[in-house]
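In order, the protein sequences belong to chains Z and H. The opening position of the first sequence corresponds to residue 1 in the UniProt record's numbering, with each subsequent residue numbered one higher. The opening position of the second sequence corresponds to residue 1 in the UniProt record's numbering, with each subsequent residue numbered one higher.
These are calculated hints, taken from the structure and not from any lab test.
Note that the list lumps identical chains together, so a pair holds whenever it fits in one copy or between two copies.
Under the rule of at most 27 angstroms between Cα atoms (straight-line distance), these lysine-lysine pairs were calculated in the DSSO-like manner:
| hint | residue 1 | residue 2 |
| --- | --- | --- |
| 1 | Lys151 | Lys215 |
| 2 | Lys161 | Lys215 |
| 3 | Lys476 | Lys565 |
| 4 | Lys59 | Lys517 |
Predicted model only: the values in this text are computed from it and were never measured.
2 protein chains.
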Amino acid sequence: MNAKRVVVIGAVALGPKVACRLKRLHPESDVVMVDQDEYISYGGCGIPYFISGDVSDVKELMSTSYHMERTPRFFEDAKGVRVRTRTRALSIDRKAKTVRVKDLRSGLEEDLPYDRLVLATGSEPNRLSIPGVDLPEVIGVSNIASAIAVKERIAKGQVNKALIIGAGAIGCEMAEALSDLWGIETTVVEIADQVLPIVLDRGLARMVQKHMEEKGVSIRLRETVKAIRRNGGTSALTVATSQGEIEADLVIASIGVRPKSNLAREAGLVTSPRGAVVVNRRLQTSDPDIYAGGDCIEVLHLVTGKPVFFPQGSLANRQGRVIGTNLAGGFATFNGVVGSFSIKIFDLAVASTGIPLHTALNEGFDAARALVVQADRAHFYPTQDLMYLEVIADRKTRRVLGAQGIARNGDALTGRINAIAAMLPYRPLLEDLANMEVAYSPPFASALDIVNAAANTAENILDGINRPVDPEEFEKCFLDAQADDAVCLDVRGPANAAPFVAYFGERWLNVPQETLKQRMAEVPRDKRLFVLCNSGARSYEALRQLETAGLCEAVNVQGGVAALKKSGLLELDHEEDTTE
Amino acid sequence: MNAKRVVVIGAVALGPKVACRLKRLHPESDVVMVDQDEYISYGGCGIPYFISGDVSDVKELMSTSYHMERTPRFFEDAKGVRVRTRTRALSIDRKAKTVRVKDLRSGLEEDLPYDRLVLATGSEPNRLSIPGVDLPEVIGVSNIASAIAVKERIAKGQVNKALIIGAGAIGCEMAEALSDLWGIETTVVEIADQVLPIVLDRGLARMVQKHMEEKGVSIRLRETVKAIRRNGGTSALTVATSQGEIEADLVIASIGVRPKSNLAREAGLVTSPRGAVVVNRRLQTSDPDIYAGGDCIEVLHLVTGKPVFFPQGSLANRQGRVIGTNLAGGFATFNGVVGSFSIKIFDLAVASTGIPLHTALNEGFDAARALVVQADRAHFYPTQDLMYLEVIADRKTRRVLGAQGIARNGDALTGRINAIAAMLPYRPLLEDLANMEVAYSPPFASALDIVNAAANTAENILDGINRPVDPEEFEKCFLDAQADDAVCLDVRGPANAAPFVAYFGERWLNVPQETLKQRMAEVPRDKRLFVLCNSGARSYEALRQLETAGLCEAVNVQGGVAALKKSGLLELDHEEDTTE
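This is chain Z alone, in the form it adopts within the complex (with noise of 0.2 angstroms):
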């Protein structure tokens, strides 16, 4: 039952978790790791973090935490797994059971017998194919090389303009990286209509995109690269684009990654569609003696229900440990995804879990959202500060489907990311939501806290008793519109309304909540009503009398002045401060 001989192929974050687990469990497993590349074991998430300078060694992302380098050395001593580096696997023979590698410092090839074999092959960067793409200004930062001799070049102070192609997870923490500490002047192009097009929705997005241009970054969005070639200016490269010409002296390309199974392909195992090596819950393939996990292998989507190739380097993590259980003799399973991702973007955090409202109207989901704008913690406590989720749910069964949002404060916010997540595999209504029990005092939640504020509006609004109109559509519908028969009504106190009034005159009717009964008869009948307060609170409360009123057609603007100013909508000249 238990296997002698084990070979791992991949040494990067899946490969060691099998091997160790393996011999902790199995101490007489014979277990060998054989990998490409020289560097092993390497934080591969952290490469951003390098090139800023918020890790200042490049060793530290190849540590334990206590301060030891993981080497060959290292596993051979303190693990009992023998790591053989700059060895390629060339093929797989498996009648025979013997894995061709080659040594490339030697050239020499030999044939490894395994007992089970482990792919830890993880992804590779997809590439443009476009011309110019082979200079050395053009790169990715994939892996721990790549990420050295960008940052030398940076040190070199060989880099004045960078462009990154890609708004993805990659695109974006770069665009810090380069431009936060070394003052870089970055530009990322991005061929989607939004930044982070894959988890993100697009309010959410719109919000991400103005702070990173607030901290200096040229975000150029639905443009594509189209060719780059070095030039004699003062920069070394122009970059075609759809749109124009970029000069830049450096080029990072983040498109995304794909699996890498071409040692799983030729050898006849099943692959996906895509490319990713599948497996069971046990984490076989469709031969029970080779094992394959991280990032070259497909999952289930536990929301969806459907198989999603989902590269992060804790699932390879979490995936390593049930390979090594499962090949000590144990029973462990990996059962799949909710998707959770979270991002450091300067001062903003970004995360979320499940799937974004466009993924879930494309999966069928007759989905809806509810964006709430509330305090991270009591709104008396010194530092609360706002945060801004948004819940995905669908109408006909009231399943939560995902959940999103950015705060400054990122450990508040993948705190409530992570809870949610936490349900999700139980498939959890807006009711279970309502009532999740976060841990309650002032310092660290607020009583009614934003969790549950966030699956109350969407219930309201699935109710049919809070009537959303996003930030884009109020947008879209009244200040581009200009139309007349518009009108946005006000809830806030006069101050703060005062600047709106001023600019947008009759269009812009300012009446608090708490007078709005007795002053009912301002608000007219024959307009568009958009209502609006500073979060969407108390013009939800607003929308409830104007239905008493009558007034039934009167909508709601999530999210409120908040979501509008975070977006870079709703900017005006000389206004006084908002922030009620």
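Starting from the structure of chain Z, add chain H where the hints point.
Just chain H now, kept in the frame of chain Z:
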């Protein structure tokens, strides 16, 4: 079906939520709230922060997030809810469906008719039955009026020494409030043998106690207060305890609260032996026309399956919405609690959910715990800090029963605790927690996050491959015992171990884990072996190696040197930095 006339007794937390939710759903309802106090709708949990000065104006505790004071006028204008303050409910006539109330200003009594009645009577502090308890310098801080009184006395410089009776949440918060900003010499007397005895296990409680002592608070455990008398000395009071006498200018009694249920009991409604109002999941009392919620009811504990009295402002808010929905003809339930708790004590956050080990054992679970000490984010990320997290699980079923922890970064800690809490209603197993999907990026999580690591460690303990010993047992059997048959095997680096080797001599053997296999012969085979590293991770690795070498009885000191030091054990003079 829908209630026309609704009377709400109590206007602090639950009452206002019920009233406002009902009016939003069903504006034609006639809702009146009565409260015997002048102050209504305040955040009672914020009182310690008002006293400490973190919240400067008591009005902030009575205001909305947009700085409107929640006065009776506010409820009338903004919410359509009538409020009668200084109005005491005297009795309920369930047959006539009336509440007898007395206006405390005029002394006039009248009967308020109701279709539905809501009991939001809250809790009241337990009172000591000892001589002197009625002296004006002996107070509780359960309501705004007494909080204002305390702060006034302090601000006048009348308080140099304070005695707090009870080291529960309020007692600990008040200890910080009095000593941190005001510099008051503060002593806490607690009858139990630890601080926070209901929510924390002894190990973490000891760390909290040490932190409070480092901040200058005197903690006296296993001590009871016998009498309080006024004296003629420098301090106003002399407090006689089971252990001696303590001088103080101010005594704060914080020995817990009990449900205020006189009205309910006298009206013949079912109450628990402890005096809490008994309700169903819709929060109806034994009279279906009378609802109750908040601090006066008992709720189902979803981990033990038993009723529990668990007063928390956050529950009151969520229960208020449930009652409001039901009163409006909807259907909503409150299914129970998992017992989440959080508190800030000086620079330390403490949080817990589910049940602690001692409760689990009392409830008949075959419970075990795992204590893990790990960075709260990627260990290479600059702002990382150690978190101490304990998971409690049942050996037979492997069900997760609870979790608790301490950390400097309270948002990072409560984020983990809330995520575990979110799973608890679904009766998760350790393997579910091991695979909990924490949104990973280096600024906010570890690739193998501490919640996953804690579950893994618990699994290893239940599987018998990690044999833990608590810091307290290590203290008893090694540090205090001074027995020659016990040896501590320190598997850290020599620099860290040296001061301990120097102090303990032959009883402290240093063999770094990565050299253990080679140096196995040095490990004595006739001694009781306590294996130790900084956190418990490398010592677990060493445990596996020792077992392979036939040393199967060695035990692993949980939490390692980090936990021992945090508990105030193992403090040597002239010791080098051991932050490895």
